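Chains Z and H are the protein sequences, given in the same order.
Read left to right, the first sequence gives residues 1 to 1124 (my numbering).
Read left to right, the second sequence gives residues 1 to 263 (my numbering).
If a hint is listed, it holds; no wrong ones were tucked in.
Label pairs and their computed distance ranges (CB to CB): (1) H:Y41 with Z:E1025: 22 to 28 Å; (2) H:T69 with Z:E1025: 25 to 31 Å; (3) Z:V602 with H:Y41: 43 to 49 Å.
In short, the hints are calculated from the structure, not lab data.
As the structure is a computational prediction, the values presented were derived from the model and not from experiment.
Glycine included, every Cβ here is placed at the ideal spot set by N, Cα and C.
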Amino acid sequence: MVNKVLIKETKNFIRKNIKTYIAQIIIVTLGVGFFVGMKISSLDLQDTMTEFVENNNFYDVKVNLEYGIEANDISQLKTTLEEVKYIEGAYTQDIVNNLDGEDYVIRLHSYNSKNKINTTKLIDGENPKNNNECVIDKKMHNDGYEIGDEITIESDLLKEKKLKIVGVIQSPEYLAIDRGNSTLLSGKINYYVFVNEANVNSDVYSDLYIKYDTNSVAFTEMYDDYIERKEIEATYAVSGYFKDKYNEIITDQQIKITSAKAEYEAEKAKIDAQFIESENEIKNKEELLNDTKKNILTDKQIDQKINSISDSTRNEEKNKLNNLKKQMNNAKTAYDNYKKNYNNQISNTQKRINNNEQRIKELNTSINSNTAKLNAMKAQYNSMNDYTQGSTNKCYPGFSLSSDGKRCCYPGGFYCYNASFGYNGFFGGGTSPTINAEKVALKAEIDQLENTISNQKIEKASLETENISLRKQLTISSELSSYENKYLNAKKQYEEQLEIYNSMGSSSKLSSYYKKQNNELRKTVSQYEQEISAAKTDLNNKKNTAYQQLESTRLEIQNGEDMIKTLSYPKSYVFDRKDNAGYGQFISDIEKISNLAIVVPVVFYFITFFMISASINRMLYEERNQIGTLKAIGIRDNEILIKYLIYSISSVIIGSLIGIIVGVVILPLFVYFIYEMLYEFPFYNLNFNFRYFLIASGIALVVAIASTLICCKETFKEKPVSLLKAKQEKETVSSIFEKIPKFWNHLSLTTKISLKNIFRYKARMLMTIIGIGGCLALMLTGLSLRTSITEMIPTQYGKIFKVDAQIFYKDLSSRESLNEGTEKILALDNVNKGLISNYETYTSDYNGKTININSVTFYDNNFSDFIDLRDYKTNKKLKLDDNGVIISEKLATMNNIRVGGVIKLKDKQQKEYSLIVKGIAKNYIEHYVYMNSNYYTKAFGQEPRNNMLLLKTKGNYDELELAQKINDTNIVSQVLYVSIAEKAYEDVMNNLALLVGVFVVFSILLIFAVLYNLININVRERSKEIATYKVLGFKNSKVISIIKRENIILMLFGIIFGLIAGYILSIIVIKTCEVENLNFIKEVTFNNCIISVIATIIFTLAFSMLINSYVKKINLTESLKSNE
Amino acid sequence: MNKDNNLTNSEIEVLDLEETPSTPKKKKKPIIKFENVVKEYHTGEVYTRALNGINFTIYEGDIVIFLGTSGAGKSTALNLLGGLDQATSGRIFVDGDDITKYNENKMLEYRRAKVGYIFQFYNLIQTLTAKDNVELVLELCKKKKKSNAEYLLEQVGLKDRINNYPSQLSGGEQQRVSIARALAKEPRILFADEPTGALDYNTTRQVLELLVKTCKEKNITLIIVTHNNFITPIADVVYSFRSGEIISKVENNNPTPVGELPW
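One chain only, chain H, in its complex shape (with noise of 0.2 Å):
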């Protein structure tokens, strides 16, 4: 590690090249697939590169993290991946679709069905309260009601706290509600762009740890896009983004528990 706490280049390599035979590698279906994705935007006259041509495959089940600072492009790729932007060129696979050819709707549908967001500042509707934010998104699956706002909330915890409107909540309680909104879609992928971002060191390990249960319960791909990589050890694989282009991936054979991390 040099003075930044980083994994330097070489320790990455190193990692990358440690197999641990007591953990065989299962078979695993990739979900996500990039293919030389290009992101550009125009701000005036302004000309800005975003993503310069990525490509990487993320398997199904596991816990990602895109790692970088601030305009590495990271964001990027999560909201390409969310549906919440288009790119430029290149290709996305999702569930073996190309969403870089979808149209507005089924954008909207994939939106709805397949993906679940976190946000560093919750977006929780402010005039609604934790149960109603909730409930919110169950009236978008009405095929899937097998659970309701009140138990979601539960899971997270916030069981005192159903009928509370986001102000009145702390910031670890809103980012709870935001976690149980993004779950109750039930999706296949969740997306948390800096989701401690705004949050303290105990917050955050209650809210990673309960990502990361819910997730390996369900079964369902976690991505998480963080400049911190004090986390990274969570992860199954960690991304390295540098000025638009991924410059490392690490694999983790075995992912460090959340509690178990040196807070």
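For reference, chain Z alone in the conformation it holds in the complex (with noise of 0.2 Å):
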């Protein structure tokens, strides 16, 4: 039952107000438009990259190698793996490049077409197929180098260094503009190219990524689950591959090595038993010689031994002589007798000889004779004719004989035949040959001569044999020589034991023969000494030479084993999507677009319920005498209703239908425009979210019709008559400040009005108070969460972490080398102090989600310089002690900890340990938990290792070159820097402050609509109060003060009201857009509340300006016009 007048009474109502219906619509925009947009610009842009991230097979796990990996390891791995899709190995290098003159740090990665996982985004140009090209990023591409360009790449990796720039490529590795981190130079990565795979002078590949067969999605939980525990399976598949394989190079090295001693022992062995040999003749002729030494007489000896002579010992001597002559003589006897014998038969030998020879010579002669003319009878016999007539050969007729007449042929010779078959027959026949019989004699006479010969020569040839025998006979004489050695022998004996017997004789004699002898002995000694030395010498020489072949064989041996000593097994990291820089900033910063959209929309609803409320009670109020006329008409209450209702709904609806194009047009280019400065999108996805509308502008619709009917109720419940007349006045109560005479008499008669006016119109004050306070309690906000965001950094790296830089021990088995390298790195310029302490990583679990947590282990109190751990409310400095922990702020609040309580950590194998919190530490970045050594012990069962070393610089240094001194102390596997972990989490930081910014600017915007409508609303509620004011005869300018003066004073109400608002509502929304693993700082600061407060005045006193076109503007007749 609607009115159709009243309906189009509505259009000229909306129309008479379009000012309020403006504003409304702007601000229905703006809360529809920022909270569907900020919900919507973050699914936009994780939309965006996961299209991007899963059309280019970005890797789901990624494990890097100390060692690398070989193309056969990895097809060995895939087995041990179980839902691998694709599992590829790159390279990757990092190098500092001098491109025109300046440093870059480039990444370089290896391009094979074949490769599915990281598929690169070809944006301009081609792909590189030769060795001497290659893809740049789309930085360098915006730095200056074009397709076409020739860059030097100084890689030692690289066949090929000159390299032609083919392309421009995006991938997914590097989500992020900020390239990542890198150990060389400032520590970040200015470009990726990409070299063609061929090019790389590599048989291992750097790093392994592994891409799995599974449906989930890119930035779900069901992805994040799934990954956890691909992650914990290849974690042991590859240490478990690489440990085998080291194992196994390790026993086989060791294999090596152990025949190779064997093999080293025995040569030695050998070389030593060459020496043997000679050694033990060295040894005889030692022995030999000490047993010569021995026998030299000394002059007692002598004259003992010539005492010692008695008779029998004469005789025996005596009698050994007569021996030895019977010998020497019976020698000499069998050898000359043997002597003539001999000679006899040699002389009859060469007897024989000779007239052998002689007959040789005859037979000789006589063969050459034989031989000459056996050679001339033949030659005769072979020209002789077998036939004296040969036979006549007759051919058949018609057949002629040849001239040889061995062949017939038809004349012409067409045809011929052999002679010999003859023709005997009827023409008469041929005859045979008649045989030459002179030849017939010569053959017998050859044949004769033949064996003649063939005798003779066998007679020489027997004769030869028998000379040759004889001669040897001649030759041989070593019987004879014998028979001479055994008598020169026996006479050689016989003569020295006939000088005993002689020398025995008289003592001078013996005496002067034991000297003979002495010196013969002698002789022999020395003779013998030096063949000794000359012996040794040459043998020690000898044996020097042979060691020295051996002597490198024992270095390498040496080295090997040495070489295992050191050798570890290559430590392998796991990485998952996360864990790459720019992919795991992006799910924080959609977290966080996430995480502002819900905070903020709830306060610009309560606006909006408020700037509702306040626009229809001003409009129920400027026609109560309307309404009260259609009541007394008879019209219902719900038909007049209903062009409120109209007013508000319609004003929701186009709000929220602009809000669209804000919420998903706008506002996400807009947040992709800032993003921009951080991330390269590849395209940009606007996707319509249906949902998140409907919620948006439902609640802004319940908001509106809730806002309408309320204020509705109150005007509607009075009678007619009392809507015909101006309102009811409540009468007026006096103020407080009233009931303070001292103050109340010392204010000006306007200020006295304008206080009783506020106080007044109660409702009107409390909407003014309200719309101010909660535009700055919005600002507030806005200023502290972007003072919060950006002071964090500077906060814990410059006031927790007073670490310069953060060292990381190589996992060395010896305490020495450790100490020695830690002294040389104390010992550097610009190190000032260093604290070794301990580092691990574990988890711990948290609504489901798991989180990270860095564990410091340190060894006493002594640690305030490097790391200040202050308690996270009463500021004062911790302690660490024997019994429990000290954790960080976020950690205990997270999980409700308190002193006393227990915090729950898990390590790399999924063990969890319980440890006792003492202590809660201010802190802003991660979770930390630190404890000293002795309850390390105490918590895991064994002692903490040294694996980390907190350095405090001095001075000036160039970072890189002191990293590379660090280094060279070949303890270190690793230098990071705190400046620049510091550098990465401020860029995230000032983006999300950027971010921040949106919502400010939003909020500005809605203080001015609001600022606007309270204003125009204000003033024309009082347009009879004002035109009097004229009318009486006030100026202008005293009407404008007395109104702003009221406006001035609500102004300030608001800002108080304001501040505290604005407070809670800092603290609330900083809760809300923290980030699991930040701590944002959750104070509101002086500053912010000085800017937000002066912001609030200009605007306010900047839409004062409106009284004053309005005051100067306003009809007086039709103000004045009323039912009283």
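From the two separate chains plus the hints, produce the assembled complex.
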């Protein structure tokens, strides 16, 4: 039952209140637009990157190996993993490259067209096909490197270093413009470049990428859980595989070493054996020498000997002598006899030889002449015919015999046949040939002669043979010489013995004999000595030469053993997508945008409710008369009410529709624009999300309808008669101020009027205060959030972490080398102090998610120069004791842990530990657990290993140089400068601050809309009053000042309210916008309060200018017309 | 008449007793009856008794004038009659029904169907044309679509002004639109609260003529509230109010036609 005319009237009504209407629409647009926009922005961004990442098969898991991985290893590893879709290796290398005079850090990647994982998106040009081609990233291209340019990449990994740029690409490994960190130069990668895999000079891939066959999509919880499981599987598989592999290598190596050692020992033994003979010889000689030396008689001994000679001895000697004489004679006789025989034999033999030779000569001559004769005979024989008369060959008629008589031919030579067939017969036969008798006789002679020659030769040969053996007999003389030797030996022995016997005759003879013997012996001794020393020297030289050959082998074995000792299992590091700097950062950022989207609209909706109420109230007041009339005429309340509902609802609908454009297009594009500074978006996905739009506009609609109905209810309750009259004013209640005469009496009249007015119209007062206060609260919240975000980093890295660098030790077994190396580091020029400590990482469960926790263990309480731990509430310095740990603030608040409570940690093997919390420290970034070594031992059952050195530096230094020097000690695996981590977080925070900037802008727009509305309402409500003042003769300026005074007083109240509300709202919003691993500073600073207050004052005063124009332009007659 | 040109009490009494044999009394049906009606207002601590237990009866087809000075209670009585307000105590009968017992909905029906209102300040919807203002009311009574807005406005002599907005009409024209609006409903009773209070003499005359003529034609009971006793002769009955009470009732057997008043 809608009254058509009233509907028509609604149009006019809206036109009449168009300014308020538009302000309303703007407020709704802002609210809906912001909420929908922020939610959708995060979804759009996420959607874009998901598409890019999935299209390009961004890796699920990445494994980084200390010594790389071979293609063979990869295919073997694949068999130990499940659900693997692709598994590939790639080369990566960070280098410092000089381009056009400046040094850049470039990360090189290998490109293989067959690769399926981490495929790059070609933006321009083409992919490298040849070794002298490369493709560059957008950043490098933007910095002026074009397709066709030539660059030189100074990497020892490349075969061809001069490369031509053939294309520009985008890789899913680099979502962010910040290309990530490197250990080189400033710690930041400037560009990335892809080269042909074939151009890489290595058989070992530096990275391994795995992609799994899963349906879960990036950025979802399902995916995160899946990958968590897969990472664990991969960690075990890879470390297990390499453990086995390296165990194999070590075993092989050990076997080699063992066999080499054995060989060495064998060789050495051989060599020693070689010399044993010589050594033995020397030993023997030495023995001989000693014996001989022993035989040298001293004078005393000689005398003794002389004296000891007795008769029996003499007789003995004599007998000996006689025997020896006999022997000598016998030997001589034998010799002589033999000699005689021998000589006879010799002469006979010689004779025979001579005879034979004579005969041989004769035979030779005969043979020769016979041979010549034979040859002649043979020649003759051959020349003779076999037949004296050869056969007469007769040919068949018609055939004629050839000239040689051997063939019959038909004239013309057409056909011939051998005449030897003969033809005997019809025409008379030929005759058989007559055999040549001479020839036959000659043959007999030849044969005979041949026989003769042969016999002669045989005879000759036998004679020659005989002569050879005869001649041999001539030369054999050994027997003769042995007879001779026997005789000579016997003779010598006899002579010696003779000498001995003779010398026994007289002591002087004997003495001289013995002395002579001694001399002989001495000669022999010195000879032996010389021989021995020569032999020894010779032996040593030979030995040394021989050993030297073994020396290099010995060194090799030594090196091999050393190598095994220092060889450790190659460390493998398993990463997932979140560890990729760009990806991880991205996830964090979209979370923040999403969080912001939730909190802020609540405030907007509150303000919307508020504004609609104010506007509707104003309109109801202005139209009281009309409403009364309509009621009097008999029109239903509902029908009258519809007008206002249409007003509110239509403003919401229009606002929502415009809000869609803001929310779906403008804001997401703006957010893309902001994030373009940090990320490279391959395209812009703009999605329309129906759900959020419905939620946002639904709430707005409910708010609009609710506020309208609530306001109308008040008015429509009244009787028509009272509506027809002006609204009954409540009687003036004396305000608080009036009850303080001292204060009250000092005020000017206009001020008094102003104050009275304010307290009289309580509703208006409240609305203005809440409106202004609300806007200030919003601004303060925005600023607080911004400050909190940007202050976090300097506070964390300036006040809490006082460390300049974090150094990780290699896994060394030797304590000495660690200490030595550390001392070297501490002695470096720019190093101030160092603190050896322990660092481990653990995880903890929070609401089903895994969070990462850093654990630092100190050995005493002297760490405050490096890390300043202070109580999160009292700010007092915290100390470590043997009974518990200190945890970071966020960790405590997240898990509701208080001092005395327990924190549960899991290590990489998923084993859980419970630690008692003894203190909670202020901390803003990431989660930390601190303890001392005693408690560590208690909690984990083993001593903490020294794997970290915290360093404080001093003075000016080049970070790269210092890192290089530290690396040169060879005990360090990584040097992390804190300044680099700080910078990375800074970048992230700056970007978030930009986002908060969006929020602040929206707040300001809202403030404008609200202030405009408020002032409009306030002024219109008092049109009659203002008109009356003017009619009475007040100047415009006076009137304006009266009104403004009130507004200023209200503004002051509004500011107080706003500061309180803003404080509370700031804390709430900061808490909501926080991401898991960050602990935003929850403080509302004085500066921010001042800024918001000043801004509010400026805005309010600016909008108050509207009052001026209103007062000047007011239509007096219209305003003064009324029912009373 | 005293120096104020008001009837003195005695004159009122005289008139009361006069009966003219040539005009026989018609048999009239009572349409409205007030019984001991009291109306009180509270504004903060101030307590006003606007009507102090008044009684009267009005007959169908009569033209009645409520006369009195400001604050006398006449407007209050009219408001109660028109369903714009609720009595504190007493009973009000209209067409046999006690409207004091009406709830909000019934009151609305009453206002819609039975009653027409004309205000001193016209109370037209400023954002609608003359024609629309009348059509607004016609929409309410869909059964009785005998007349249309144009005809009604023609009836009040505003044929040429139907598409003008109230701001474009003179006071008299606006009041005539108001009358057309009130009559569009074909009410049983027509209330007019100081209908000519903002008009000059000539316009007053025209408006009154129109009112009286129309009401007599259609047998509508017309009740006019005024402080101007110059026009009292046109009424059939004149009730005088003072301080919340009726101090006199004057019946005119031969009410003067409007045009014959000494303008």
